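*Asks:* The primary structure of each chain is shown beneath.
Protein chains: 2
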Amino acid sequence: MALHVHKYGGTSVGTADKIQSVAQKLVDEKNKTGNDLVVVVSAMSGETNRMTDLAKQMQTAPSAKQMDVLLSTGEQVTISLLCMALEDLGQSAVSYTGSQVKIITDDSHTKARIEDIHTDKINADLATGNIVVVAGFQGITSEGAITTLGRGGSDTTAVALAAALKADECRIYTDVDGVYTTDPRVEPKARKLNKITFEEMLEMASLGSKILQIRSVEFAGKYNVPLRVLSTFVDGEGTLITYEDEEMEKALISGIAFNRDEAKVTLSGVPDMPGVASAILKPISEANIEIDMIVQNIAEDKTTDFTFTVHRNDYQKTMHILQNICTELGAKKVDGDDKIVKVSIVGVGMRSHAGIASQMFATLADEGINIRMISTSEIKISVVVDEKYLELAVRSLHESFGLSQE
Amino acid sequence: MALHVHKYGGTSVGTADKIQSVAQKLVDEKNKTGNDLVVVVSAMSGETNRMTDLAKQMQTAPSAKQMDVLLSTGEQVTISLLCMALEDLGQSAVSYTGSQVKIITDDSHTKARIEDIHTDKINADLATGNIVVVAGFQGITSEGAITTLGRGGSDTTAVALAAALKADECRIYTDVDGVYTTDPRVEPKARKLNKITFEEMLEMASLGSKILQIRSVEFAGKYNVPLRVLSTFVDGEGTLITYEDEEMEKALISGIAFNRDEAKVTLSGVPDMPGVASAILKPISEANIEIDMIVQNIAEDKTTDFTFTVHRNDYQKTMHILQNICTELGAKKVDGDDKIVKVSIVGVGMRSHAGIASQMFATLADEGINIRMISTSEIKISVVVDEKYLELAVRSLHESFGLSQE
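Protein sequence lines, in the order shown, are assigned to chains A and B. As numbered in my numbering, residues 4 to 409 make up the first sequence, in order. As numbered in my numbering, residues 4 to 409 make up the second sequence, in order.
Note that these hints are calculated values from the structure, not bench results. Just so you know, not all the hints are guaranteed correct.
Intra- or inter-copy, both count: the list cannot distinguish identical chains.
[Claimed, not checked] Straight-line distance between alpha carbons at most 25 Å, and here's what the computed SDA-like set of lysine to any residue pairs gives:
(1) Lys105 x Ser145
(2) Lys35 x Gly224
(3) Lys336 x Thr113
(4) Lys59 x Thr235
(5) Lys124 x Gly339
(6) Lys305 x Asp20
(7) Lys59 x Leu92
(8) Lys28 x Gln62
(9) Lys33 x Gln62
(10) Lys59 x Gly17
(11) Lys195 x Ile287
(12) Lys336 x Asp109
(13) Lys28 x Phe364
(14) Lys114 x Gly224
(15) Lys320 x Ala193
Bear in mind that the values here come from a model prediction, so they are computed numbers and not experimental data.
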């Protein structure tokens, strides 16, 4: 007998019927496995938008503190309905809001971080045969203010609860049946992975495979909580996210991620002196613009070229700021391109296998795809290419690294 | 400078626009009077029904405990929206759920009773110039379970908060502009009362003038909280519910109440012996049927007639039980009538004025209205008459006791 934490998102509990299906799944699972079950649920899909619309009618920029009071009601509705559905099936159940569990967070309203979770009451309820249903996405400060964890926060609640309860597995039920080698809409031959490491999943998630919230994967890795992504609607084993094992090391590359939301800007002919990177990036970050890749070319003639990527929405603003910096620093010129994409290969296999980068570059060169920017980390290589090459790049890399094969 | 508790019901906060109007009223009031304001709000009208419908889809008889978790979200939505609207007008505001205030109740889910209210945090917020917005209708047990106070519970929250905070006045804003001498739909000459005593209001409310929840009036009387009923939508002073004063004693009668929801049953020829009343009423109450008026006639030939009224919905069930009792006790027969109404005159003036009852009976006799049953208390006289006489009885009594005059 094990302890599992399940998490069901907004679409999985979006209607009365769906909540009843989830209840049936949980009862079947409990009867079949005898496992103790803790279930984390999100607000019914559509509710958060409905409430946000109401808030916007009240205040142009609704107070973060009151948004938390408002939005946290969404999950509270779901926990009560799910408990009713469970009881209707003869299964005893107990519901908890974040405040009732005591999921203690800091006071960063609308994006709070979990600091502590009390588990005594939940453990007592499990011991007497209950399914415990917990409102995701929400917590409470040590002063008693209601907080929320931000988008995808229910994943974080599930993983944090699993860690605190020392659960054997944390299952994230969603509308996809697992993590794929790449987006099947771009490469129909994409294959579902049975396993992936936390680190790979982090790189895949942050690069645009939006299945799990990054923070929840970090959390799961940090506390070594085996995490499984699987479908609410289709039976299957999903994808297990765990620590590296021997089987995994055999694979060179686990997946191809991509991101269409970036734009690239370059400041050329910058006088090469200490502090220049900071002089360029400080005004950007002060404007609340997030920077992703940064590349600085080798200096020639005592000048250097400085290139980085930002979100496409911030492109015009960034170009404007850079024009001012260009003048201040006496640089040559500012260039930019918002018709680019980032394509990345991700895999822990890279650590122990040489030649991955050259295989990647050769594959792209064979297809006539010009690489505009390169950035690497221990388990990923990212390139920026023209937007029009996205599909071609993803498919050729998917083929080249043997990801389509079973 | 005084401390006032205001309560706005579901129709008063039923839309975004209405919440903004309430915010504007509160800010105007605070600016004009400098009073400290605590505001109790209900769920937006329609929300409770929406949630109850969802619950019924989950469970035929939804668990009371989970209903409380579900329904308490309604007021939580309103407190956040009202705080946003207040902040948008530049007024600092703080929101509290029942659990955050610590409105401690017993664990009778869906009809909990308030046991204690912590006021330290609210007092601190008032001291720094905030308007404090509290979710009505809800509390928390000492073990941390969410509870609700039952229908009209927001009135109770407001009065209990006013008592705990030692407020100078508790104002219940509703969709009527005060308490009338009788229902204006029956007697268009009905007049709004400027003042009424707690006891009179209790008799009026329990007799069918459904403006305030009885429990909140009892509470206000017990803790001597001046209570004012007034309209959210129309300016005016409303009706002040308070303790008896000299002005009030001059009036004989304050109002005419009536109730169309009752039915009358009679068991005749019951052997007159000790314990017979209990033998009749015990099976009725065991069937969860509430009894209102009870009249036992003087015994003749060692038998007695026993008459009482029940809710019209329980009429058939009561008749059925009485048939069995009739056989058991060897009584003569069972009669019943569900085409009756109860009409009552209410007034503290009765205490010091003789002849009120005979004036009432004479008035009805003059109109040819036959009295079927009579019951009296210190400040009210109720009669049961045929249903068809309701309007005639109310209007002739309203005229006879001078209630139409200014």
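*Asks:* Against the earlier hints, flag every one the structure doesn't satisfy and list their numbers going up.
*Replies:* The structure breaks hints 2, 3, 5, 6, 11, 12, 13, 15; every other hint is satisfied.
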